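Student: If you want the building blocks of each chain, they are given just below.
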Amino acid sequence: MQTNNTFDAIVVGSGITGGWAAKELTEKGFKTLVLERGRKLEHVKDYTHANTPIWDLPHRNKVTDADREMYPVQSTVYAFNEGTKDLWIKDKDHPYTTPPDQPFNWIRGNHVGGRSLMWGRQVYRWSDLDFEANAKDGHGVDWPIRYKDIAPWYSYVEKYIGVSGQAEGLPQLPDSDFLPPFNLNCAESRLKTGVESKFAKRKVTTARIANLSVAHNGRSACQRRNLCYRGCPYGAYFSSQSSTLPAAAATGNMTLQPNAVVESLLFDKDKAKATGVRVIDTTSGKTTEYKAKVIFLCASTLGSTQILLQSKSDRFPNGFANGSGELGHNLMDHLFNMLSFADFPGDEEKYAKGFGPGGIYIPRFRNVWDKHPDFVRGYGFQGNGNRPGWERGNYEPGFGAAFKDALLKPAPWKMAIYGFGEILPYHSNKVQLNPNKQDIYGLPTLYIETKHGDNENAMKKDILATAAEMLEAAGGKNIYQIDGKAPMGSGIHEMGTARMGHDPKTSVLNKWNQCHEAKNVFVTDGSCMTSASCVNPSLTYMALTARAVDYAVKELNKQNI
Amino acid sequence: MNRRKAIQQAAYLLGGAVSASVIAGVMSGCQPSGAPDWTPQFLTPEQAKTIDAIAETILPETDTLGAKSLHLTEFIDLMVKDTFSGYDQLQFPKGLAKLEEECQFFTGGTFLNASPTDREKFLVLHEQKGLKLQQQTGEKPFISSIKELVLVGYFTSEYAINELMDYNPLPQKLDGCIETPQKIQVGIEGRSA
Chain B
1 MQTNNTFDAI VVGSGITGGW AAKELTEKGF KTLVLERGRK LEHVKDYTHA NTPIWDLPHR
61 NKVTDADREM YPVQSTVYAF NEGTKDLWIK DKDHPYTTPP DQPFNWIRGN HVGGRSLMWG
121 RQVYRWSDLD FEANAKDGHG VDWPIRYKDI APWYSYVEKY IGVSGQAEGL PQLPDSDFLP
181 PFNLNCAESR LKTGVESKFA KRKVTTARIA NLSVAHNGRS ACQRRNLCYR GCPYGAYFSS
241 QSSTLPAAAA TGNMTLQPNA VVESLLFDKD KAKATGVRVI DTTSGKTTEY KAKVIFLCAS
301 TLGSTQILLQ SKSDRFPNGF ANGSGELGHN LMDHLFNMLS FADFPGDEEK YAKGFGPGGI
361 YIPRFRNVWD KHPDFVRGYG FQGNGNRPGW ERGNYEPGFG AAFKDALLKP APWKMAIYGF
421 GEILPYHSNK VQLNPNKQDI YGLPTLYIET KHGDNENAMK KDILATAAEM LEAAGGKNIY
481 QIDGKAPMGS GIHEMGTARM GHDPKTSVLN KWNQCHEAKN VFVTDGSCMT SASCVNPSLT
541 YMALTARAVD YAVKELNKQN I
Chain U
1 MNRRKAIQQA AYLLGGAVSA SVIAGVMSGC QPSGAPDWTP QFLTPEQAKT IDAIAETILP
61 ETDTLGAKSL HLTEFIDLMV KDTFSGYDQL QFPKGLAKLE EECQFFTGGT FLNASPTDRE
121 KFLVLHEQKG LKLQQQTGEK PFISSIKELV LVGYFTSEYA INELMDYNPL PQKLDGCIET
181 PQKIQVGIEG RSA
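So the protein lines, in turn, are chains B and U.
Note that this note's numbering gives residue 539 to position 539 of the first sequence, counting from 1, and the numbers run on in steps of one.
Note that this note's numbering gives residue 38 to position 38 of the second sequence, counting from 1, and the numbers run on in steps of one.
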């Protein structure tokens, strides 16, 4: 049914979870409206610079001063450059505020597919080490699920998206259903040997990544160009565009509407249910109401929470389904920009050809088997080895003919590893509406307050210390380290603000990602997260989304919703 | 017909006797244009002449093209105008003036008046001094900024990527441990790894 703006289901957002909700709902026969606040962006056709060689970019991929002014926050992202800039939101048009001493980097896209087009693509399962963490050390509230609840859904999602990686049988980092791993290069293999022989319980494995090492589910194999951030014309990494949205469209049940900003959820007090959403068409400025039996909020962590906070009524004076008062609180991210570099002498006769999408991963080893005296939880490392080419001229002295010739020869091997650490859920790390600053649609913007605590600061020290000892153990020389002092949000793993929990008094969502106080509203993006783990979270969002749709449809069929 | 083919054909027609500057003309790509009527947007014409000479000293013409043939001053002018912050733009003429001042001291004349050998010798000293100062102030030396622009302009040019390096736009596979080849590979983004 879709006359009079009425659908079976509404999905807000078309990014990594919105795409999954759309696919699952439409495949189960639900007429589904997918609302995306950003512009239309078509797979392949709209990847403007997917094949543009660097010499055809006027500034050779560098960020201009005008870009930095239009994108003051987005332009700080490693993947922001002349070839990708159209994929990032124009900060100037989409403001938010923070206390002056608490910067927060809110990284966003503004198009169909959202950040699934520009994500880092590394995907890792969580384990019970993560799901039991809050219960064990008392931070935050207990997760209402355990690994066994989500394991089959990890598997379900992985088989569809394609995850390349190496099975290792580690308790703290369960294996996925893998496609073959991408190769390590010689330097990365030496790092593996060096670290594993020196540290009995540390492991170096290949990055687990949602790039296809081989063709899979009708999508092409990765071409090893390492140009993912411009959008992949081969559909070789998982994105909403390459995978879930085409699947949803193929059912004939999806209506995808871009340029649609959800202002609020509509609520029927008597039925204690949402009836639909109120939407601003950003092209016409017109407001329209759409109705549905069930609503999936998949608008990203802060996006969904912003909608919930805006949806005030007599029943919910402090925001939708916010009887707990936890809505907007417990905002998390990952410790980021903890960088360690080393010269990695050896293998001078060897070279790596082709451009891998991942590199190496060092799974968490702190507070797994033992207890660290200074902090709880843990961290992992991503990294890679390479032989720089002409780029080394930027940091080596010299001029003239010999210099020019030398830059055309491969430099000695280098190794870099980057720590990602868990940030605890603090009630005081929060977002609120700022009625004094409105966006271009007249909606209140977000005021974001975040700080690291003692646990994070202690962990950061240890990240640099163990990085140095591992690089050294594997033969690294001239180790050089940077604490990039990245503002919160820079990890682009913002989580929390509408957490799951057992108790409606202390959490917004139940174990099915369902609002405790409105049974037909499900929130399945990062806002649902009760803790942050130290691994990349998107795989968990996808698994939770598929699981929640399965539950919602069963409940609808039983007429419980 | 792509430019690379055009050059190969031109070379064939001319019996292979194609001078470096002819190749540069054909290879100039989308820009820099190398147009004779080019006027700098940020630099003064005098500064442009000096930058031209500095760039050629950094990457001179040998059996392969140099900075001048690739019109890198045009690229540098564009980059300083568009990618430098207001502060860095203010520092630019100051840095150039300082370089000239030191050049006067070391060579007894302007950079343009120095011989190619003296230019290179001077830049080596100038860079050493700048890097030493950077350790105290944290400020990137002027010569490092110029050098970076010259390297980027040169090594991401269509000429350098196609003629001097192994352009690898569609690797299809990743060989993590092969014998070191004669040429470094670069991909579509101009990076070698």
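These aren't lab readings, by the way, just hints derived from the structure by calculation.
Predicted, not measured: the structure shown is a model, and the values here were computed from it.
A few of these clues could be false.
[What the hints assert, rightly or not] Simulated pairs of lysine-lysine, DSBU-like, Cα-Cα distance not exceeding 30 Å: (1) B:Lys461 with U:Lys173; (2) B:Lys409 with U:Lys140; (3) B:Lys461 with U:Lys81; (4) B:Lys45 with U:Lys132; (5) U:Lys183 with B:Lys350; (6) B:Lys85 with U:Lys173; (7) U:Lys49 with B:Lys477; (8) U:Lys68 with B:Lys62; (9) U:Lys81 with B:Lys477; (10) U:Lys140 with B:Lys159; (11) U:Lys140 with B:Lys477; (12) B:Lys409 with U:Lys68; (13) B:Lys192 with U:Lys183; (14) U:Lys129 with B:Lys409; (15) B:Lys430 with U:Lys68; (16) U:Lys68 with B:Lys460; (17) U:Lys68 with B:Lys477; (18) U:Lys183 with B:Lys353; (19) B:Lys28 with U:Lys68; (20) U:Lys121 with B:Lys203; (21) U:Lys49 with B:Lys85; (22) U:Lys183 with B:Lys409; (23) U:Lys173 with B:Lys353; (24) B:Lys519 with U:Lys68; (25) U:Lys81 with B:Lys92; (26) B:Lys505 with U:Lys68; (27) B:Lys485 with U:Lys140; (28) B:Lys90 with U:Lys173; (29) B:Lys409 with U:Lys98; (30) B:Lys409 with U:Lys94; (31) B:Lys62 with U:Lys49; (32) B:Lys85 with U:Lys81; (33) B:Lys85 with U:Lys140; (34) B:Lys485 with U:Lys173; (35) B:Lys31 with B:Lys62; (36) B:Lys45 with U:Lys173.
Student: If a hint holds in the structure, say so; if it does not, say that too.
Tutor: Against the structure, the hints come out as follows:
1. B:Lys461 with U:Lys173: Violated, because 38 Å separates the two Cα atoms, which is more than 30 Å.
2. B:Lys409 with U:Lys140: Given that 30 Å is the threshold and the Cα spacing comes to 26 Å, the pair holds.
3. B:Lys461 with U:Lys81: The given pair, whose Cα atoms are some 40 Å apart, is violated under the 30 Å limit.
4. B:Lys45 with U:Lys132: 50 Å, violated
5. U:Lys183 with B:Lys350: Given pair U:Lys183, B:Lys350 holds - Cα atoms ~13 Å apart, limit 30 Å.
6. B:Lys85 with U:Lys173: 28 Å, holds
7. U:Lys49 with B:Lys477: Answer violated: U:Lys49 to B:Lys477 is near 42 Å, above 30 Å.
8. U:Lys68 with B:Lys62: 22 Å, holds
9. U:Lys81 with B:Lys477: Distance ~39 Å between U:Lys81 and B:Lys477 Cα, so the pair is violated.
10. U:Lys140 with B:Lys159: At roughly 49 Å apart (the allowed maximum being 30 Å), B:Lys159 and U:Lys140 break the hint.
11. U:Lys140 with B:Lys477: Answer holds: U:Lys140 to B:Lys477 is near 25 Å, not above 30 Å.
12. B:Lys409 with U:Lys68: 22 Å, holds
13. B:Lys192 with U:Lys183: Between B:Lys192 and U:Lys183 the Cα gap is close to 28 Å, so the pair holds against 30 Å.
14. U:Lys129 with B:Lys409: 27 Å, holds
15. B:Lys430 with U:Lys68: 55 Å, violated
16. U:Lys68 with B:Lys460: With a Cα-Cα distance of about 47 Å, the restraint between U:Lys68 and B:Lys460 is violated, given a limit of 30 Å.
17. U:Lys68 with B:Lys477: 38 Å, violated
18. U:Lys183 with B:Lys353: 11 Å, holds
19. B:Lys28 with U:Lys68: 64 Å, violated
20. U:Lys121 with B:Lys203: 49 Å, violated
21. U:Lys49 with B:Lys85: 33 Å, violated
22. U:Lys183 with B:Lys409: 6 Å, holds
23. U:Lys173 with B:Lys353: Roughly 8 Å between the alpha carbons, so the hint for U:Lys173 and B:Lys353 holds.
24. B:Lys519 with U:Lys68: Answer violated: B:Lys519 to U:Lys68 is near 70 Å, above 30 Å.
25. U:Lys81 with B:Lys92: Cα-Cα ~22 Å, so holds.
26. B:Lys505 with U:Lys68: 71 Å, violated
27. B:Lys485 with U:Lys140: 20 Å, holds
28. B:Lys90 with U:Lys173: 36 Å, violated
29. B:Lys409 with U:Lys98: 33 Å, violated
30. B:Lys409 with U:Lys94: 34 Å, violated
31. B:Lys62 with U:Lys49: 24 Å, holds
32. B:Lys85 with U:Lys81: 19 Å, holds
33. B:Lys85 with U:Lys140: 26 Å, holds
34. B:Lys485 with U:Lys173: Status violated; Cα separation ~36 Å.
35. B:Lys31 with B:Lys62: With a Cα-Cα distance of about 44 Å, the restraint between B:Lys31 and B:Lys62 is violated, given a limit of 30 Å.
36. B:Lys45 with U:Lys173: 25 Å, holds
In this structure, the earlier hints numbered 1, 3, 4, 7, 9, 10, 15, 16, 17, 19, 20, 21, 24, 26, 28, 29, 30, 34, 35 are contradicted, and the remaining ones agree with it.
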